[in-house]
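Visitor: Residues per chain are reported as follows:
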Amino acid sequence: MAATGPMRRAHRLPVAMVVTGLAILLLGVALASLSLGASGVLPWDGWRRMLTPAETAILYNIRLPRLILGGLVGAGLAVSGVLMQGLFRNPLADPALIGVSAGAGLGAVTAIVLGGLMPVTVQALAGMYMAPLFAFCGGGATTLILYRLASLRGHTSVTTMLLAGIVLGALANAIMGILIFIADDRQLRDLTFWGLGSLAGTNWAKLMAAAPILILGLAAAPFLARGLNALAMGEPAARHMGTPVETIKRGAIFAVAAMTGAAVAVSGGIGFVGIVAPHVLRLAIGPDHRALIPASALFGAALLITADTVARLIVAPAELPIGILMALIGAPVFLWLLLARRPGTGM
Amino acid sequence: MIRAQGLGAVLAGIDVLRAVDFHANPGQITVIVGPNGSGKTTLLRRLTGDLQGPGRVLLDDAPIGAMPPRRLALRRAVLQQATQVGFPFTLREVVRMGQEAGGQAPGIVAAAIAEVGLSAMIDRPFQDLSGGEQARGHLARVRAQIWNPVTSGGACWLFVDEPVAALDIGHQIQVMDLLRRFADAGGGVVAVMHDLNLTAMHADRMVLMAQGAVLATGTPAQVMTDGHLSAAYRAPIRINRAPDTGVWLLPQMAGDPIKGQN
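In the order they appear, the protein sequences are chains A and B.
The numbering of the first sequence is the working numbering, which starts it at 1 and goes up by one.
The numbering of the second sequence is the working numbering, which starts it at 1001 and goes up by one.
Just so you know, these hints were derived from the structure itself, not from any lab.
Cβ coordinates follow ideal geometry from the N, Cα and C atoms, glycine included.
Some clues are possibly wrong.
Covered by chain A, according to a simulated footprint, are these stretches of chain B (three or more residues, beta-carbon under 8 Å) [to be verified]: (1) 1113-1126; (2) 1187-1196.
Away from chain B, derived, C-beta distances all over 10 Å, residues of chain A [unchecked claim]: (3) Y60; (4) G234; (5) V315.
Next up, chain B with everything else stripped away, as it sits in the complex (with noise of 0.2 Å):
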């Protein structure tokens, strides 16, 4: 598991993120969520290792920050927000790198790029791909590197950052459905989202940020209360079911038809 105690991060003199204790299991997508700067990206960037600043994170109770790049690459992937490929790499060679750093089979990397749904654009330059493909394309290279959920040496980990900020609504149901069948299969998943209803549809566990601290922690039906999420966005938010009349667009509706497509 993932373990984290008074974790801090100072950006330019301001404290964003404040005595922050995280954990995750595996076998569970575990969601931060949180208004805008709200330190979720922040806290995400510290549990990577990206960052550096007070407290520590523990992957099955050894210190990340001790590990060296080669072996943590080994257990856990990292998907950030918008990453940008300096040269025209197609996408099966920037898939390539992510199994190579995994120590994975040449295989895997079409096998990762049809999970996404990209089979179609394998050797396209990554450049050319559209913003929601390269996400998508992207996360291909981080299944690559991480794919199977538990090895000899634990559970694996993706940590992912707004994986599905880029999709329209079918590919984010794909894209949640991957992040589902890892969980599900053993391995740990920790994602920052935006979207409140994937992941109440989604997460196992969400931690609600404010301010650079933890406002809630739980299940979805724990933390998405009426009070909670006010609280936390600074605006009046009243949690819904759906009703029966009208036009009504949601994800929960989707059946499994969708999920068989790719």
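Just chain A, same shape as in the assembly (with noise of 0.2 Å):
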């Protein structure tokens, strides 16, 4: 039979070369981002002279955890817009857009605000890990409510989803509000640190607590690919197939919460990343869950470790908040996914 109408085939790079790609173009601009800064000490002078207390302080206890702080944090926005855009079965869906994020943020206030009213005991035993485990709870919370609205009447809508997004997010910004109105002073200067959206200030220990549970998200995610192709073709059709569509929704809802929590906690508000990376990743390489999320985590976390180094230098010494940054790429780009959407295709 002949092919009719000026149909297009789709035109995918090997899967293979773009991950390879982007595998060195993350170690480049990690490269970059170590040899960077206010302080002319390159990672490998280390080989040819004795580097100085402070030289070594700067590369070993605030280049490096800074470094791998921002690429898991951009390696598990970007897989959480993945997972969040299989599950709704829509390249628009972000956790920043649709109140995750603002959930998970609700979460880590309430950690900063109300954790000195918990028992000493909890205090001790949560310790650090207080900001990423309430906003875990509070972006899972978040997407679990979201789900269920978007899908009340048997179909994921859209509609729905996007405004219901908005509504929860608005709602979690006045909690947090309320919550920072009752904060006192000591409280206030570390809610106006955490909320720039900034890597600025990331130590090892900082790194040792969110680290575990951005990895716990990413290593969780690939088991959830075949499932999410399946996903594409709408619930009824993905179960006919054999998936566990229960497990996998769960599975999904889990991760992004995991993810975006830790992130939130980490690092404030930084949106986008989570649509852009995905979103030029589907052009490149095609839909199929099982590439795009590898190569996703390596395009969220090269971008995030470039935006923090444009951010570290292009004011220097001062520092922009990488959330705007992200904000001034991502926003074009959603526009431009917005109006070159097919119509009838459930977007």
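With the hints as a guide, bring the two chains together.
Guide: Here it is in structure tokens:
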């Protein structure tokens, strides 16, 4: 049978090539991030000469943990985006846009403001994990409520998802406002620092608090890939193809809440990573989640490390909040997505 | 075989299916017909487990509700009425999902696409295909999942909801022939159909539904009587034979030359 009409073939790049390219890119920006900064010390200086204690501290206690955290947060946010988009069958879903980040933020703010009211034993046990843990709960609750609302009439409605996300985000922000209102001076300082959406002040302790949760979410994501592919055809069709739909949905919500929660707890609100990375990669290698998830992790990490490095340098010695930079890149991409979407694809 | 007893379904407080008994044999095409809103699709959704309700469905004496989705996917595939693909997957990728779900060999993907005559579109984004092509593309996915009509576990099943509704007459015949070959090779087909002519041509057994209940079952000759159809569709309907004169367009007249094309 002859082909009819002027239809396009899907142009795809080889997955192996793209993933290798992204890995090299990530390595490159990581080295650049380690090398660039207010101090002129370079990572390979250590082989050529003795580093001064100050230089050692800059490289290993300031730049390195910040680099690793930036990479993990970028990967976590990008993969969160992929998972949410797969769950909602829609490329516009992003944790920051539909209130999940706000919910996680509410959790983090609650931990900062009300954490002191908790029994001392709880404080001692939870310690530095308190903010990420609370952020995880806030993000998880928001995702869950959102999914219930968006699929209320038996199918996931995108309009409902976006609107409910805006409302939930506003609600979370309002409660955050109340908490900030009752916060004391020391807590306010913590909150301002946190709310800037920045990786500034990252140290090994902060990295150790967030890294396990981020890594857990990243490690879980590939197991959801095949199920998310099937879910692109809707829940009944996925079930007919043998997908354990409820398990996949719960897994995706859990992983998104974990990664967004941890990311928000350590870096405040950084948006659009979860939209930009998956969108560009879907154009390059197609929507198969088995390739999209690892590729998005690499791209998200490279993207955030680049943005963070630029944020550190552009107004040095001050720092631009990285959230602002990401929004400057992400907002136009989102608009492009919105205007280029196909009619009748349920978006 | 597929056996169901006392199937019911309540949608929005209304009994849309009332105590329906149903069975379908492997090696046959069993067609469910009836007017709009008679419960055809609801019955199919109860049979495939999409909808819960009173009564139970047995596949070779095992209740399908208790079978793990993975295992059930190896025995039966389901073609829904309209399935939208959420991301720009290509036709090949969509059909591959079926192939993987059914644990089939990778080569099945191209064969299933060729079977519905879409080989030229194999690397096109699924969303760019026309409505009729998408319908056939999903049929290819379903076939890639259940490729062999009979496996060591028993006969395999295709549940298809209006498989030819979006198709032109040539492709209607192509799809019905595909289902016929599957049944002739020992597989079971349960189809919801609107077109009574095609049903008369291809069904081995018919189930005529009206107002959520079964009005008549049997061979097309037994079910398709003026009385049954007029009662079900609440309109005077008369069964006819092809006339000798005048211009008629009847799929019954389609000969073998078309069958050989794809």
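Visitor: Taking the hints in turn, state whether each one holds.
Guide: We went through each hint and held it up to the structure:
For the stretch 1113-1126 of chain B, the proposed coverage by chain A is satisfied: 8 residues have a C-beta within less than 8 Å of a C-beta in that chain, meeting the threshold of three. As drawn, the stretch 1187-1196 of chain B meets chain A at 0 residues by the rule of a beta-carbon pair under 8 Å; below three, the given contact is violated. Against chain B, the non-interface label of A:Y60 holds: every CB pair exceeds 10 Å, the least being about 42 Å. Chain B draws A:G234 into its interface by the beta-carbon criterion, the shortest separation being 6 Å against a cut-off of 10 Å.
No beta-carbon of chain B comes within 10 Å of the beta-carbon of A:V315; the shortest separation is about 39 Å.
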